[in-house]
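Protein chains: 2
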Amino acid sequence: MYTGYNLEDRVFLAVDCIIFGFDDEDLKVLLIKRDFEPEKGKWSLMGGFLKSNETLDDAADRILHRLTGVHDIYQEQLYSFSDLDRDPVARTISTSYYAIINIEKHNEELIQQYNAQWFSLADIPDLIFDHNEMVQKAIRRLRRRTSINPIGFELLPEKFTMRQLQKLYEAILDKELDKRNFINKINSMDILIKLNEKDMTSSTKGSFLYQFDQEKYDKKKGDNFYLKL
Amino acid sequence: MYTGYNLEDRVFLAVDCIIFGFDDEDLKVLLIKRDFEPEKGKWSLMGGFLKSNETLDDAADRILHRLTGVHDIYQEQLYSFSDLDRDPVARTISTSYYAIINIEKHNEELIQQYNAQWFSLADIPDLIFDHNEMVQKAIRRLRRRTSINPIGFELLPEKFTMRQLQKLYEAILDKELDKRNFINKINSMDILIKLNEKDMTSSTKGSFLYQFDQEKYDKKKGDNFYLKL
Numbered sequence: 001m002y003t004g005y006n007l008e009d010r011v012f013l014a015v016d017c018i019i020f021g022f023d024d025e026d027l028k029v030l031l032i033k034r035d036f037e038p039e040k041g042k043w044s045l046m047g048g049f050l051k052s053n054e055t056l057d058d059a060a061d062r063i064l065h066r067l068t069g070v071h072d073i074y075q076e077q078l079y080s081f082s083d084l085d086r087d088p089v090a091r092t093i094s095t096s097y098y099a100i101i102n103i104e105k106h107n108e109e110l111i112q113q114y115n116a117q118w119f120s121l122a123d124i125p126d127l128i129f130d131h132n133e134m135v136q137k138a139i140r141r142l143r144r145r146t147s148i149n150p151i152g153f154e155l156l157p158e159k160f161t162m163r164q165l166q167k168l169y170e171a172i173l174d175k176e177l178d179k180r181n182f183i184n185k186i187n188s189m190d191i192l193i194k195l196n197e198k199d200m201t202s203s204t205k206g207s208f209l210y211q212f213d214q215e216k217y218d219k220k221k222g223d224n225f226y227l228k229l
Numbered sequence: 001m002y003t004g005y006n007l008e009d010r011v012f013l014a015v016d017c018i019i020f021g022f023d024d025e026d027l028k029v030l031l032i033k034r035d036f037e038p039e040k041g042k043w044s045l046m047g048g049f050l051k052s053n054e055t056l057d058d059a060a061d062r063i064l065h066r067l068t069g070v071h072d073i074y075q076e077q078l079y080s081f082s083d084l085d086r087d088p089v090a091r092t093i094s095t096s097y098y099a100i101i102n103i104e105k106h107n108e109e110l111i112q113q114y115n116a117q118w119f120s121l122a123d124i125p126d127l128i129f130d131h132n133e134m135v136q137k138a139i140r141r142l143r144r145r146t147s148i149n150p151i152g153f154e155l156l157p158e159k160f161t162m163r164q165l166q167k168l169y170e171a172i173l174d175k176e177l178d179k180r181n182f183i184n185k186i187n188s189m190d191i192l193i194k195l196n197e198k199d200m201t202s203s204t205k206g207s208f209l210y211q212f213d214q215e216k217y218d219k220k221k222g223d224n225f226y227l228k229l
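First to last, the protein sequences are chains A and B.
So for the first sequence, UniProt numbering puts the first residue at 1; every next one is plus one.
So for the second sequence, UniProt numbering puts the first residue at 1; every next one is plus one.
If we strip away everything but chain A, and leave its shape as in the complex, we get:
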């Protein structure tokens, strides 16, 4: 072995996933009720140990899939947590990831198997270890991202109304937005396609439907355009 590689310095490396979903009203986080020690019976993020044949991204994908049944969802690496006693069993560093999934699309059976449940951000219970800190950090990162990139479109149906989009941003940013102001700012980003179609469920006049314009967005991305709401 080369200098510096002391076997006793090795650590366990866990991956924990903050899974966000949106149900038309609220931004929610998916949590599991642990039926194993340590901290059996407490709420927790879904997580697992990094295996020798996978990268951190691989592990995050495996863990998300095991709980929700969904695969190949983009997850962003958030932060590596390393407090000395964060895990009472053994020195464990945890790299957290966050994912945004369509709340309709998870596999209900899997979720029940893990006693998992969606929690509104305002109702997140006391979690094991430093998991509350992870969730808070993920929310802050998501809010920041939302201001820089039009993240969040994956949370909406393919065609959506301005009202739905505003609701989503209000849920992520946790504040009410002025309707006219919101529409102006969104339009100034010029990344939506207005369809010749209306959603007639909300009013007799109906509301125009929109689509996210991936191509325009990809072109603009380099400019780091901002959406200050």
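Be aware that one or more of the hints could be misleading.
[Said to hold, decoys possible] Listed below are the simulated EDC-like cross-link pairs for lysine to aspartate or glutamate, each with C-alpha atoms no more than 20 Å apart in a straight line: (1) A:K137 to B:D57; (2) A:K51 to B:D83; (3) A:K51 to B:E76; (4) B:K51 to A:D85; (5) B:K220 to A:D174; (6) B:K51 to A:D9; (7) B:K167 to B:D23; (8) A:K198 to A:D213; (9) B:K51 to A:D83; (10) B:K137 to B:D26; (11) B:K137 to A:E76; (12) B:K137 to A:D57.
These are computed hints drawn from the structure, not numbers from a lab.
In this text, all values refer to a predicted model and were calculated from it rather than measured experimentally.
Let chain A serve as the given structure and place chain B on it in line with the hints.
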């Protein structure tokens, strides 16, 4: 041991530091020439293994101090790199940090001891492992941060001219900025104190000196204000 904690899954955890400095013209990165294996003789970031009695932040601080002599400099955790074969000796995950230090203030003796050298971003050599990727990621993060927060003031003397500030932003963003536009945008952020003092070295008329107003900045921080340059 509880389920899941398999000793053979443990990994080495390294910390690598991307150390930025600014010399009035260029943004630079501090690199060391390795005099140990593996990859002896190649350029590299300064790094080390996480020890059992320290957090990742502690390790980053120790590593920065060992090379530069400076302590308690704010470092931001960047990303954890985990490609399977990134380190040919043993499975090692590396958590990278970046720091911004005053290029004048490092300890010259220490730097020579590590055969370290400042490189302009345009001249970064071929580095060991995935260190080039780390540097590129740090530059992107720094550029993004610069647009959100007035990062970078730590790179300037306490009192500075608008010209110096513009030079710094041009170095970080790697593009020329229009002078009038820059001044307007900086002023609109309202986080500088204009001093009743001039720097007389640059012209006979002299240039007003400014200071960063930490108090105003702290108050505004919550608003996530942007500086789009």
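Violations among the numbered hints: Violated hint (a single one): 3; every other hint is consistent with the structure.
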